[in-house]
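Number of protein chains: 6
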Amino acid sequence: MFSVTVRDHMLIAHSLRGEVFGPAQRLHGATYVVDATFRRATLDADGIVVDIGHAADLLRSVLSELGYRNLDDEAELAEMNTTTEALARVVADRLAGALGDAAQDLDGLVVTLHESHVAWASYERQL
Amino acid sequence: MFSVTVRDHMLIAHSLRGEVFGPAQRLHGATYVVDATFRRATLDADGIVVDIGHAADLLRSVLSELGYRNLDDEAELAEMNTTTEALARVVADRLAGALGDAAQDLDGLVVTLHESHVAWASYERQL
Amino acid sequence: MFSVTVRDHMLIAHSLRGEVFGPAQRLHGATYVVDATFRRATLDADGIVVDIGHAADLLRSVLSELGYRNLDDEAELAEMNTTTEALARVVADRLAGALGDAAQDLDGLVVTLHESHVAWASYERQL
Amino acid sequence: MFSVTVRDHMLIAHSLRGEVFGPAQRLHGATYVVDATFRRATLDADGIVVDIGHAADLLRSVLSELGYRNLDDEAELAEMNTTTEALARVVADRLAGALGDAAQDLDGLVVTLHESHVAWASYERQL
Amino acid sequence: MFSVTVRDHMLIAHSLRGEVFGPAQRLHGATYVVDATFRRATLDADGIVVDIGHAADLLRSVLSELGYRNLDDEAELAEMNTTTEALARVVADRLAGALGDAAQDLDGLVVTLHESHVAWASYERQL
Amino acid sequence: MFSVTVRDHMLIAHSLRGEVFGPAQRLHGATYVVDATFRRATLDADGIVVDIGHAADLLRSVLSELGYRNLDDEAELAEMNTTTEALARVVADRLAGALGDAAQDLDGLVVTLHESHVAWASYERQL
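Chains as they are written, first to last, in our numbering: chain R, 1 to 127; chain L, 1 to 127; chain V, 1 to 127; chain E, 1 to 127; chain Z, 1 to 127; chain H, 1 to 127.
Hints should not be assumed to be uniformly reliable.
Derived, one-sided and incomplete: chain V residues facing chain Z with beta-carbon distance under 7 angstroms [claimed, not checked]:
#1 18
#2 27
#3 61
#4 68
#5 77
#6 80
#7 81
#8 85
#9 119
#10 122
#11 123
#12 124
To spell it out: a stretch of chain E is covered by chain R in this simulated footprint if at least three of its residues, at any positions, have a beta carbon under 8 angstroms from a beta carbon of chain R; those stretches are [stated by the list, open to error]:
#13 27-41
#14 85-95
Cβ pair distances, simulated, as ranges [said to hold, decoys possible]:
#15 R:22 / H:18: 31 to 37 angstroms
#16 E:79 / R:57: 27 to 33 angstroms
#17 E:57 / Z:57: 40 to 46 angstroms
#18 E:74 / L:25: 38 to 44 angstroms
#19 Z:23 / H:18: 45 to 51 angstroms
#20 V:19 / H:22: 50 to 56 angstroms
No wet-lab data here; the hints were simulated from the structure. Using N, Cα and C, we set each Cβ at its ideal position, and we do this for glycine too.
Modelling step: build the complete structure from the supplied sequences, incorporating the hints.
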């Protein structure tokens, strides 16, 4: 199995609902350094998993719809707690959608959001 | 599949038994930067894999029983060579025990011990 | 010259005032991974620049007054743009104050705030 | 499952064939920081996955046959595009060969080539 | 003193002239992860050292004139050995030129080129 | 001013004397990831600060005299507390000695010992 990973980041504000979150129930924010990993059993005719420049552009596009925003105000995220692990799925699912037909050649996708040097979360899905 | 990882570290002394270890048969030591990854198929009602603060506390607690010690003197480790990979299992198994009932909601655990910028070892187990 | 550095982090929300900031004029947030470096020409009787545990506690204390907050609502920061470089000075100055008499033995302080894997800012001052 | 990883690097020149590669069709080069991960279900009598010094020597040996070279001139690579993902397989397969009989005790091998701080590729195979 | 640093990278081929370089006399290549640090004694009216987006664009522009090339073929570099330390000066000097009048507000510039996880070089100059 | 840095590491056991060290008064150990930075105002005829391979060999040699040992048993270190900052000076001074006549061409030396992902210490000296 092959994989290719590209890294980018986004800066967001948000708050979390639930006593378990303690001070993170207050409005605060985070830098998420985001790794998107594309998996594929065999390489294509060019010898690649995915055009790495195209993959980076797709990730940039998905993150730019979330970045520099207060996620508490985003209608599409209103029903959920925007925890690191939940956002990893949002990014992965949007990235899968953005891949379009190219997703058919891929086997899976992993998105990891690093929220600090000591904590990160991932979501892995098939394509 | 979702996962959440927390990072901490411990400082220990030890020696290794066996010719394969060369100079590491002498008493020496290591900083282990430890990553504990908790895996779960679906998020809970709060939208999390595990309370990240609680996970960090559990890891801190497990590492504090090993850190600032000479592992050669620890009765519970007397039967084993405390290699990086073997210690990864010790930390994972103790962490699984410390999780208590919370382990039932999780699917797996991976513990990685980084012994330097050029070498690390992991142990992965189910919960 | 000797130095000792400790690393910690904080999660904040804020917005920046001025056209130069583009989309960062919107309410967003950041994780700042914060490095505090203490400089000293000679070591003390214990062979240290500063008690590293005490230094880490002081940094933790300073960051806990800023973290998990919307900096736009902090009265003490109302007059300023909370850019990464300006916050580096805020942290450094508060840390210098928190050091109390211990600052007399030190020669300088550098605080670096990493806002992502591709951008960071520092403020260096004497003690 | 246990794993042990060692890290090394190589410096190479190459060019890539195909319009998808844009400016990377020109002769350029890369530093590949290479992680080789050895997987094993149970530890051996010494409590290890593999002798980490031996593993590092094998990786060094494999990389030294590729490093400080223009890969466009290497006869064994003439049929392929030396993309990061394709080179990950070359390194993994050569490493598997270099392991010799020791491969029988191992369950798998993952080789990751980091081409920059924002892009990397992996190849995973059984042993 | 304040500073702001932005990170980017370039991929180049080159060879080095002189017996001291051993196998690096052959045509090979490198990824240089490049950090550009801008220093300034006081912040401007917006509370910044430099517009970080503008700084990143300038660095990108300077690196794009070197990246995806064989430096042995670049007329402007023909007189020199393109060692990591020498290239750090090339990048710093071109960046200083690209800053134009904005350089007058700055006090200094440091450019660091990371050639691997175990080696890097810097050049520091005034502005 | 130019600089070149090489990174290596050592694994040691030790204990620290003094109440300020708390649990670190017990025999424990550390991995020190060591960065040695060589400074020079102008490059030599080959376009380098120092032969990076030679610099790496010297650092390896200095660290091999300390690594895989219990520093409490080293006669040359008996008079001192082997704190991270004090060991940074030991490494720097031994490295300066090992440079021999080559030190005359250099302006300074900085040695940084990383004891974990959240703490490190440096010693800077002239040559």
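These are the hints, each one checked on the structure:
no., hint, result
1, 18, "holds (4 angstroms)"
2, 27, "violated (17 angstroms)"
3, 61, "violated (24 angstroms)"
4, 68, "violated (23 angstroms)"
5, 77, "violated (11 angstroms)"
6, 80, "holds (6 angstroms)"
7, 81, "holds (4 angstroms)"
8, 85, "holds (5 angstroms)"
9, 119, "holds (5 angstroms)"
10, 122, "holds (5 angstroms)"
11, 123, "holds (5 angstroms)"
12, 124, "holds (5 angstroms)"
13, 27-41, "violated (count 0)"
14, 85-95, "holds (count 4)"
15, R:22 / H:18: 31 to 37 angstroms, "holds (36 angstroms)"
16, E:79 / R:57: 27 to 33 angstroms, "holds (30 angstroms)"
17, E:57 / Z:57: 40 to 46 angstroms, "holds (45 angstroms)"
18, E:74 / L:25: 38 to 44 angstroms, "holds (41 angstroms)"
19, Z:23 / H:18: 45 to 51 angstroms, "holds (49 angstroms)"
20, V:19 / H:22: 50 to 56 angstroms, "holds (51 angstroms)"
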